Amino acid sequence: MAVDEIVTKSGDFKVIGKRPIRHDGADKVTGRATYGSDISLQGMLYGRVLRSPHAHADIKSIDTTDAEAYPGVHAVITSKDYPNVESKLVEGGEAGSQDLSYMSANKMARGKVLYHGHPVAAVAAETRDAAEEATRLIKVEYEVLEPILSARRGREKSSPLLHDTLYTDTEGEKDTEPSNVAEHRIYGTGDIEKGFAEADVIVENEYDTATVHQGYIEPHNATALWREDGSLDIWCSSQGHFWMRNETAKILQHPVSKIKVTPMEIGGGFGGKTLTYLETPAALLSKKSGRPVKMWMDRTEVLQSTGPTPGSWIKVKVGATNDGKITAAQVEISIEAGGFPGGPLHPCCLTSLAPYNLENAQVDGYDVVVNKPKSAAYRAPGATMSEFAVETTMDELAEKIGMDSLEFHMLNASKEGDWRVDGPRFLRVGNIECIEAIKSSDHWTTPLQAATEPNKVRGRGMASGFWGNATLTSSARGRVNEDGSVTLVEGSCDIGGSRTSIAMQMAETLGISEQDIVPIVGDTDDAGYTAVTGGSRTTAVTGLAAYNAANEIMAKMSTGLAEVWEVKSDDVTSQNGRFSCNGHDLSFKEAAALLHDNDIQVTGQSTVTPKTPAGAFSCQAADIELDLETGKVEILRYTIAQDAGTAIYPPYVEGQMQGGVAQGIGWALNEEYWYDDEGHLRNSSLLDYRMPTALDLPMIDTIIVEVPNPDHPYGVRGVGEVCIVPPPAAIANAIHNAVGVRMHELPMSPPKVTAALATAGKLQT
Amino acid sequence: MSTKMVEGKTIISARINGQTSDFIAEPRDSLLDVLRENLQLTGAKEGCNNGNCGACNVIMDGRLVNSCCVLAVEANNTEITTIEGVGSPDDLHPIQESFLENAALQCGICTPGFIVSTKALLEENPNPTEHEIRYWLAGNLCRCTGYDKIVRAVQDAATRMQEGSK
Amino acid sequence: MQSIKYAAPTSVEDAVDVLAEYGDKARVLAGGTDLIVQVREWGRDVGIFVDAKTIPELTELAMDSSEGLTLGAAVPCYQIYGNDAVRESYPGLIDAVSMIGGTAIQGRASVGGNLCNSGPAGDSIPPLIIYSAICNVAGPNGTRQIKVEDFCTGPGRNCLEDNELLVSLSLPAPAKSSGAHYLRFIPRNEMDIAVVDAGANITLDGDSISEARIALGAVAPTPLYLADAGSALVGKPATEDSFKEAASVCREAATPITDMRGTIEYRKHMSGVLAMRALRGALTRARGGDVNVH
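Protein chains in written order, with this note's numbering: chain E, 2 to 766; chain F, 426 to 591; chain C, 812 to 1105.
Everything labelled a hint here was simulated from the structure, so no lab data went into it.
Quick caveat, the model's predicted, so the values are computed rather than measured.
Do not take every clue at face value.
Listed below are the simulated DSS-like cross-link pairs for lysine-lysine, each with C-alpha atoms no more than 27 Å apart in a straight line [to be verified]:
{"hint": "1", "chain 1": "E", "residue 1": "Lys457", "chain 2": "C", "residue 2": "Lys1079"}
{"hint": "2", "chain 1": "E", "residue 1": "Lys113", "chain 2": "E", "residue 2": "Lys457"}
{"hint": "3", "chain 1": "E", "residue 1": "Lys590", "chain 2": "E", "residue 2": "Lys557"}
{"hint": "4", "chain 1": "E", "residue 1": "Lys19", "chain 2": "E", "residue 2": "Lys457"}
{"hint": "5", "chain 1": "E", "residue 1": "Lys19", "chain 2": "E", "residue 2": "Lys590"}
{"hint": "6", "chain 1": "E", "residue 1": "Lys140", "chain 2": "E", "residue 2": "Lys289"}
{"hint": "7", "chain 1": "E", "residue 1": "Lys113", "chain 2": "E", "residue 2": "Lys158"}
{"hint": "8", "chain 1": "C", "residue 1": "Lys987", "chain 2": "C", "residue 2": "Lys1079"}
{"hint": "9", "chain 1": "C", "residue 1": "Lys987", "chain 2": "E", "residue 2": "Lys753"}
{"hint": "10", "chain 1": "F", "residue 1": "Lys434", "chain 2": "C", "residue 2": "Lys864"}
{"hint": "11", "chain 1": "E", "residue 1": "Lys416", "chain 2": "E", "residue 2": "Lys316"}
{"hint": "12", "chain 1": "E", "residue 1": "Lys318", "chain 2": "E", "residue 2": "Lys753"}
{"hint": "13", "chain 1": "E", "residue 1": "Lys763", "chain 2": "C", "residue 2": "Lys864"}
{"hint": "14", "chain 1": "E", "residue 1": "Lys316", "chain 2": "E", "residue 2": "Lys158"}
{"hint": "15", "chain 1": "E", "residue 1": "Lys763", "chain 2": "E", "residue 2": "Lys753"}
{"hint": "16", "chain 1": "F", "residue 1": "Lys429", "chain 2": "C", "residue 2": "Lys1055"}
{"hint": "17", "chain 1": "F", "residue 1": "Lys429", "chain 2": "C", "residue 2": "Lys836"}
{"hint": "18", "chain 1": "E", "residue 1": "Lys158", "chain 2": "E", "residue 2": "Lys175"}
{"hint": "19", "chain 1": "E", "residue 1": "Lys19", "chain 2": "E", "residue 2": "Lys61"}
{"hint": "20", "chain 1": "C", "residue 1": "Lys864", "chain 2": "C", "residue 2": "Lys958"}
{"hint": "21", "chain 1": "E", "residue 1": "Lys140", "chain 2": "E", "residue 2": "Lys61"}
{"hint": "22", "chain 1": "E", "residue 1": "Lys81", "chain 2": "E", "residue 2": "Lys289"}
{"hint": "23", "chain 1": "F", "residue 1": "Lys434", "chain 2": "C", "residue 2": "Lys958"}
{"hint": "24", "chain 1": "E", "residue 1": "Lys753", "chain 2": "C", "residue 2": "Lys1055"}
{"hint": "25", "chain 1": "E", "residue 1": "Lys557", "chain 2": "E", "residue 2": "Lys569"}
{"hint": "26", "chain 1": "E", "residue 1": "Lys61", "chain 2": "E", "residue 2": "Lys89"}
{"hint": "27", "chain 1": "C", "residue 1": "Lys836", "chain 2": "E", "residue 2": "Lys140"}
{"hint": "28", "chain 1": "C", "residue 1": "Lys987", "chain 2": "E", "residue 2": "Lys763"}
{"hint": "29", "chain 1": "C", "residue 1": "Lys987", "chain 2": "C", "residue 2": "Lys1047"}
{"hint": "30", "chain 1": "E", "residue 1": "Lys457", "chain 2": "C", "residue 2": "Lys1055"}
Non-contacting residues of chain C with respect to chain F, defined by C-beta distances greater than 10 Å in every case (computed) [unchecked claim]:
{"hint": "31", "residue": "Asp835"}
{"hint": "32", "residue": "Lys836"}
{"hint": "33", "residue": "Gly843"}
{"hint": "34", "residue": "Asp895"}
{"hint": "35", "residue": "Asp961"}
{"hint": "36", "residue": "Ser1053"}
{"hint": "37", "residue": "Ile1075"}
Stretches of chain C that chain F covers, calculated by requiring three or more beta carbons in the stretch to come under 8 Å of a beta carbon on chain F [stated by the list, open to error]:
{"hint": "38", "segment": "845-855"}
{"hint": "39", "segment": "869-879"}
{"hint": "40", "segment": "995-1008"}
Ideal Cβ positions, reconstructed from N, Cα and C, are used throughout, including at glycine.
Bound-form chain E, shown alone (with noise of 0.2 Å):
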């Protein structure tokens, strides 16, 4: 939908770009809020998952029966208590389309299991201790097969196959063999060779990037309830309990209509809470038991078995002019889908060249399936293990030229009108504004001091990244109170501060205090259809929602109170929170009061699907400090500089930028999935997988650009993802900047960049 005008600019707003204390605030800090283990019901037992020891192996045989006589238990099931599900194509939410079959089996396996962790049977017992022995009297015998760890090596034709019936899909036109990669897509514009031949100066590398997880501090889980009549409750943390309901739906083959799912506060989800995992088998257990059955991971299954995002192995080739014009990139993107097939590969091909302005440039992206588990969304899907590629890629061919980087990405920026590689046109985007505001930055602009220390090095780095940002579905409804306030019920899981910058675009429309809106996150029953907390669509599109609802609200308000004054409903005029007409001029507050004491009850409500999202582009600077000895890198300051459109909720908009920053160093220099050669992940513990401490960041600033979005009310553009994309790059880009070496893998950890060194004669023992 379009937008006539953006209501008010940024400045003359009463309630956005304001810092209240959030709704939900209370509750959070006292330790009062109730996530989905917190949860306690009647008769409630406990469940516990069986999984796959092995990486790759057919199951030969299942038994159960020990298990089922264990004292306590009262439940046990396998994949033969899931109903048999077509192998077809449906929505997976944020994923794109999945094929139903592959997602069942991998909520419960089938016949084949395709990484290490996957679900294999499942107990509900009276004590979670008794459900966890039970697990281990289940007997499953294995056929081990030889498992694929790398795209590299499932892109291979002598890879063990992991799917019989899968064949590669090259836009649209399916191979007659069957193999290890899904999808072959393939993006373009212009003519490469034409590029390339024009270019003075050329640069090719090739990188491998490790898988990293989501991290979430809150592991998955999830509490449900079969009643005889056939509903089913599920209480869980998610990213979108709309689509737990249809995922539910369509793999147990149960009717929506029967499944209620209630949102529970959500510890994290970065995009890994966006599809189901314990909810059937909770499901069926309690089906099976007749009891509601909560069922919550450990941290090794959080690991082991829910998606990461995919691990990849890219090649980029770029060329430009001596005078710094991009004449012809190209890259090659295969990208670990895990056991099942459908990883980002869309969004992991379009944000590659999104920074530039192209007239040649190509993309391949491969989706390749390994014995590792199912990839997930994390947090713009794809985008950072891409954009590391080739801002490191186009940072270096800069070098070569002899030209500034952030001159380079300015003379080349992409902006409004320019095509992108995948096809759509960029509509009004902040990329120059950003590049601009890194520029003028107070870290750019202070030279950076040498360390002081003989064996470290600083040097300082750049890099840009885009996400395009989702739209899909949002519902709001605003019922107003007889105090004046309007208690607003979205369907918007509150992941961070959501609830709030929500309210407060209602507020605005209504010209009141956001302390008077009562902002609720509705469950499936009472909410309207609301899409996944995720895709950077919250603030954006349930605001719009509320704005619409707000709108409804002031225009029956008006209606009602013409009734109550006896005017032409027309002639009631509202604004800034006030309506009057004829000498009457009431508050929103007098007004509701007023109607109420007149039995006029108002609601207004609104769903929309907005066609056209606004995508965002962020810029970063590091400094690093590299010691020449041990391989470490210190990050000595980080600013980042993201287009919000217009920043609702300020504190956590930079909150959002400066999270993601942090699981973009996280990223880029010490997480990774570390499997042995059987495909066993090793390293399944916040111990060995290494997340980012207090200890380990600066301060991160955050410039927040604002760039409004045409398509939005209030110019809303989404801020949660695009902040995670440029941190490798930038670091890497640094870290060349320091010592004059390329890192070409991730994470650039201590050994790999100590290796790095050796190899350029740079290493100090």
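On the provided structure of chain E, position chains F and C as indicated by the hints.
Frame of chain E, contents of chains F and C only:
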């Protein structure tokens, strides 16, 4: 031989948030398990169950500990403070106010652990430097905030508490 | 966790009785920060926790200027670095106990427990070695003393019999003009197991070294006491060049593996780097200076 032996269920008695609390536990249960399952004090969270994330932090006999690494039986006759014992929704502790005003939380799952940890820090060191704050809090993982606003909230809380005590 | 028992003995003799009764099914519980996690994650054969914290000798810390330090096996880290006299005399030990696992871990974890866990990378073990610690062990036949460098026998294994209990560690009073430093390399800044760790203790006679003890961790199946590297320094001037030679011996002696924390090449390289840094720190302290630890 005066060795106390516990096998199976036993009654534990501890002072939790200033109140005597008697509950049943087995030796296999952690303090975290009993706080959450037996006592419905679900503010302490299970993030990793092996002492690496701090989401389960409580103060036990004056020391900050990971309740996942303490057995329930070891809590017998101890004094424990959980997040539920820090302020209340009507009367927030300065640390809680500071976290809210500084937007030092997003999903909030790590927040109880951080607040308990900060309380222990400021009791021992009322005026910590940024480095001391980050060092003390290194055992509390946050995946949402990047720690910037948390550190500022702790600095702000330290100031409030020093001013409050004047 | 499997069903398990718990015992709270109040004397060393009573503890030894319980250990004798339960044999290899018993585990002594000090801080529990390693043990509880291990039993929960993979220690299915453990049948009983025997609490060390209810035994007075294991929770006492005594400092004497001539006798040195007697450190109960279950004394938690925070009590060690909270003791001014220990901070003054054993800074190399303080380096370790103030960085093990983060603040909350330090509220429970003990040096005795860290030693009995016998991890090749145990943070407190190289300091014990360089301070010539003696392990006081009680068993059914009385007590015996073991040099700490002989205590660990393999990854997660040590020379204690099933019915023996580590009661305390005795660290002799440091010599005049001596200084010690311990450091570890971890990829983050806290919360990691050492990729390589090193400790050095040197005694000066003027500008030359009269005694030196060097230990490395995480580069062999057990923490290593590098007697050769130390004795090679005796009589040498306390200079970078002397240290480089010692570091070279350390690199040679290291026999690391490649695992998820580091490669063989990286660990060999870091053995030399950390040995140098430990020696430099020890020298600074021997000369009365201070070392910025974190």
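Notebook entry, point to check: Tell me, which hint numbers fail for this structure?
Noted result: 2, 4, 8, 9, 13, 16, 19, 23, 28, 33 and 39
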